[in-house]
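K.L.:
This is what each chain is made of:
4 protein chains.
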Amino acid sequence: MSSGWGKNIRVSVFGQSHSEAIGVVIDGLPAGRKLDMDAIDAFMQRRAPGKTPLSTARREPDRVRILSGLSGGRLCGAPLAAVIENKDIRPADYTAISDTPRPGHADYTAQVKYKGAQDSSGGGHFSGRLTAPLCIAGAVCLQLLEDEGVRVGAHIERIGEAADKRFDPVSVSPSDFKAVSENALPVIDGAAAEKMALLIERVKSQGDSVGGIVECAIIDLPAGVGEPMFEGLENRISAAVFAIPAVRGIEFGAGFAGCLMPGSAHNDSYTVADGVIRTLTNNHGGILGGISSGMPVIFRTAFKPTPSIAKTQRTVSLSRMKQADITIGGRHDPCIVPRAVPCVEAAAAIAVYDSLLEYRKYL
Amino acid sequence: MSSGWGKNIRVSVFGQSHSEAIGVVIDGLPAGRKLDMDAIDAFMQRRAPGKTPLSTARREPDRVRILSGLSGGRLCGAPLAAVIENKDIRPADYTAISDTPRPGHADYTAQVKYKGAQDSSGGGHFSGRLTAPLCIAGAVCLQLLEDEGVRVGAHIERIGEAADKRFDPVSVSPSDFKAVSENALPVIDGAAAEKMALLIERVKSQGDSVGGIVECAIIDLPAGVGEPMFEGLENRISAAVFAIPAVRGIEFGAGFAGCLMPGSAHNDSYTVADGVIRTLTNNHGGILGGISSGMPVIFRTAFKPTPSIAKTQRTVSLSRMKQADITIGGRHDPCIVPRAVPCVEAAAAIAVYDSLLEYRKYL
Amino acid sequence: MSSGWGKNIRVSVFGQSHSEAIGVVIDGLPAGRKLDMDAIDAFMQRRAPGKTPLSTARREPDRVRILSGLSGGRLCGAPLAAVIENKDIRPADYTAISDTPRPGHADYTAQVKYKGAQDSSGGGHFSGRLTAPLCIAGAVCLQLLEDEGVRVGAHIERIGEAADKRFDPVSVSPSDFKAVSENALPVIDGAAAEKMALLIERVKSQGDSVGGIVECAIIDLPAGVGEPMFEGLENRISAAVFAIPAVRGIEFGAGFAGCLMPGSAHNDSYTVADGVIRTLTNNHGGILGGISSGMPVIFRTAFKPTPSIAKTQRTVSLSRMKQADITIGGRHDPCIVPRAVPCVEAAAAIAVYDSLLEYRKYL
Amino acid sequence: MSSGWGKNIRVSVFGQSHSEAIGVVIDGLPAGRKLDMDAIDAFMQRRAPGKTPLSTARREPDRVRILSGLSGGRLCGAPLAAVIENKDIRPADYTAISDTPRPGHADYTAQVKYKGAQDSSGGGHFSGRLTAPLCIAGAVCLQLLEDEGVRVGAHIERIGEAADKRFDPVSVSPSDFKAVSENALPVIDGAAAEKMALLIERVKSQGDSVGGIVECAIIDLPAGVGEPMFEGLENRISAAVFAIPAVRGIEFGAGFAGCLMPGSAHNDSYTVADGVIRTLTNNHGGILGGISSGMPVIFRTAFKPTPSIAKTQRTVSLSRMKQADITIGGRHDPCIVPRAVPCVEAAAAIAVYDSLLEYRKYL
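Chains as they are written, first to last, in the numbering used here: chain A, 1 to 363; chain B, 1 to 363; chain C, 1 to 363; chain D, 1 to 363.
No wet-lab data here; the hints were simulated from the structure. Be careful, since some hints might not be right.
Which residues of chain D face chain B? A partial, calculated answer using Cβ under 7 angstroms [unchecked claim]: (1) PRO30; (2) LEU357; (3) ARG360; (4) LYS361; (5) TYR362.
In silico PhoX-like pairs for lysine-lysine, Cα to Cα no more than 20 angstroms straight-line [unchecked claim]: (6) LYS361(D) with LYS7(B); (7) LYS7(D) with LYS7(C); (8) LYS34(C) with LYS115(B).
Which bits of chain A does chain D cover? Going by a derived footprint, with three or more residues having C-beta under 8 angstroms, they are [stated by the list, open to error]: (9) 2–16; (10) 21–29; (11) 65–74; (12) 138–152.
Every residue, glycine too, gets a C-beta built ideally from N, C-alpha and C.
Just chain A, with the same shape it has in the complex (with noise of 0.2 angstroms):
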């Protein structure tokens, strides 16, 4: 069951690398909403492989068909099923791969968790691949959060050392996720996207890879949102967070930095505004007891540098339990952190939606 995930919402990823198909069923949903299926592609372009040098050549259309759920294009209130077709499938670039597991990958843990029974192609259930239907069902989440007011949006704020500046946690707006939307890579400030471009172009020549950090804010979402204890937002949002493969940390609000503060400048004062209650300063990112405050929800997300690289690697071979050496073929992002953002965003808006939904129980 590890594949699925809500309470309130059930999201269910299924698929391989290079298995028929990949896809994802949401039950759950309310019904009545008219399924806006641009804004569901558009949503997949953002992730979507093979548009930049950038990122791995591996071409993939990546249409989403409806199975169900739908009636007369409107959410009906059955599960909603949603496939993509894989297309561009070169099972053979991965052959070694049962034999002589990659460094950084799963394939041995699948190895060992599955008995040699896993499909080491391409990664199999592991591979990034399966992000898609994540995105999938954060694109239908961000629409039903939209209908609430709640907006979701992130950033890429490092890869590497090339830095991003921060939302402003106080007053980040929508304004802000169109700005982002704008430059080349998902960004706040124009000048990191020439920095993060150069240094990705320069691991990949060294047939290396890089990491970095998103930076996602949920705006607008209603303060009294989650729960005490193990369903608090925190809880939620990582738990569907490090579905995404590479992701290696998460922090809320002032995160790590915040534990070299005293008290008195980490505590957030209250004030009223307009008659609303806010704070004057956001360390605590919008959370407090896993329970929103009104204020935006801000959390970062490390993403490792992506395993797969040109370069040849120490590994063992399985079969003979001695040491061998592994050069990995293939296609690959070399810094998958821009194709991340969306993935964030999808993760968030699917924790915060289930959040919401165990919110309006006890309107």
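Keeping the supplied structure of chain A fixed, place chains B, C and D upon it in accordance with the hints.
P.N.:
For chains B, C and D alone, kept in the frame of chain A given last:
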């Protein structure tokens, strides 16, 4: 249902800071094991308040009473229920909270969520006191993990700017845990303990507080534990760790810093040692694709500074919707990080034991 | 996790027949309602043992103590935890059970499942005594349902061959529930109560036991509650009702007998009455496609005869793997059906309240 | 989330009667087994419509296409996704339904629940057609159960007044299942099949329909499978079986009739045969305390008469809120019981396999 967690075991925490009792029900435990009550008490003492001048003056014997789940001292298969009576209750200390929410606390968000019906006394269900039942559950899981040869240990990596060493991610062993336990504060480097103690005293004298980072290692977990996507070890550990109040971030292996590394350095090469596959380095923190690799699982958790501080702070009066000041009485830790160490171990133990049962289904 | 249930609320039952205490934790309850403790006590008295010569001689005051979840007597949003101390314990009565399992009880299956570590005293966690915490949860849900205008009532439809009338499935009303409560046994037809009492006395004098059927009605449940497929009202009510020991069957509306009817008679014609859509008959038992129709929900539950009887029975000695006789001491009801009536109401209330919260998410 | 089920495996069904496709995702399956597609197709043929004059004229090849979850034909640990394209769709047949709900169908309740956005065509997600994906999941679980030596089989016990024999609850064996499969209708007694066929023809000619009872046996399930209270075999099997449209009741072992028996007759005496503990009779239906005893698990399921009948019926016009008549076109089974037999086996297989995985955690 937010105060319960787990798929294979279910840990249900209950209680408020000043309710008659706090406690936990743990369902799904295997039958047969003699429960070591002394070990549970010893574990509870590690998080107990009131033991050093560095922590809150609240005194609670925190005697764990088992109501059910045992037969002849052994786990009998029925849910294990344990309670701690609340003794040293002074609700009067908190009367002002319901109108003037404490900055950095859940007072305001709970007020909104529960429409004023929340128990605001002592933070109610959001109090750090609720980590006591979490620790009971953790102490039980630690015993069950030990039976499987798995050990969990944590230390303070940092309080404010006072930093400890890190565990060696490749070779951390039970003897490291033992060494940590013998210092005045749970650190690897005794000198760090002194710096931390001084820092805590200083912020206390200033009516302020400070946060920090706890590093945790899970060792001798077999390879193959954990699931893809939403039920990976990261997802589960995060879901449990964010149940601890004040946690603002989590990272695995090389974590946030790892995104600055080139993939060629971040990827951990495989090797064969004594017929076992291991990695030479451990930037992956013992987890690939959500599944354990057999290497130590390493993660770090960021704790914000205690929000309850003696200094006067700005808040609002909810009844008058106007700015107000608040001076917090009551008894509070200037730094909760030392007491958080066993809480992190407990959350990790619960998450890992739950994953281990999942793993056993497919053996 | 088998002793907890619910999607929107979570009811976690704990305890053994002779453990220190039994109890329940209920998470997910809405905040704000004043909990009517007198109503809970009155409800508990309906299932309490030892009140008439017809039931077990075990005497338990069954005082419900609330440990947490209230603030100022009102539900505060935190999990509600309630315990009943076990007082009248005589474990010695049961020493033989662990070797010679009682026919019709869970002694043998528990022994296999828990590999001999189960608490066999008094049936342990499988004892009918565990319906007391179920009834606490039910009593709480009944209050919450009443606030929404929904009422739940049950009666004994049959004990052995002594049959009561049935509720009128179209017009059953709270006054019917009141009438039932005023009889010596909870039946519609007072004459049936006499026949049942005589039958119970007779089987008791024979050292034997008898079973029966409980019919339950849920009235004024709005149309639209329940879900398709696996979360229909039938699925949820069944999942809760089979938690009561001795339940062997459940049927909704016209039930088993309905399969003898032609469709033209079984189908309930729609009509409009006072601007409300109703059906003229109610063979569908208020549920179509798992979803409430607005008509009374009607179901019947079959209880087997109490397995503990005074007559000597054939069993086996597990240690010697040879035939053995068993004569059961202890104190037992010759017929548990009268005390099962509030248990069925409790299970129904839990299931329906859980479904009602689900329904509210989409309003 | 109502269209998904399971704790250890998760079966997520999607589709509507006239959506592009229907299908199922099954997560949590063990890796390694070669999936026998011929066996799946053969199983699907048992529920397929359009094969005899006794069933609906709708023709669907019901070709199962596996989208993911296999590698080299073997289960690979990733979710198994399977779809059936809907071919023979005639939505025009159903245009009237959205205004004049069909008696005995979910048209009205779905209308209320989904506020008019439901897919009413062909019953949408509530159609009996959705048992096809349930049967795919069941066919997979049947193979996995067979690997463990567990067999599941069912037969028509009754259609209207035409009754078959019952399985011998003590000695039912795979050869009984084979004998059932060789009759024109799945019954034990060939003479019963003739009576049933005549009855179905008669009600069909009358524009009417008839219901019945399906009896199911699970054999060679080891003792110790199932859990106390809410996760007993009865709870799980019921939760799965009530997902089949038209099910109105379920009973285990001696069921409803058992409540007429004295306890001394209902209790099944233990015996030792060839070193194995068994019971001499099997009124307990192979389950005590929710846990398997090692005896055959026996349950019976009541199906209501098909609500779609040719006869004109009374309903209401929702738009005009006035009485109206409805004459149902479309293609319908006068008796769905024969096609329900594999559906019951499928639901049982899913529930039992889920419980078996639970059991394996504690071995």
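K.L.:
Which of the listed hints are not met by the structure?
P.N.:
12
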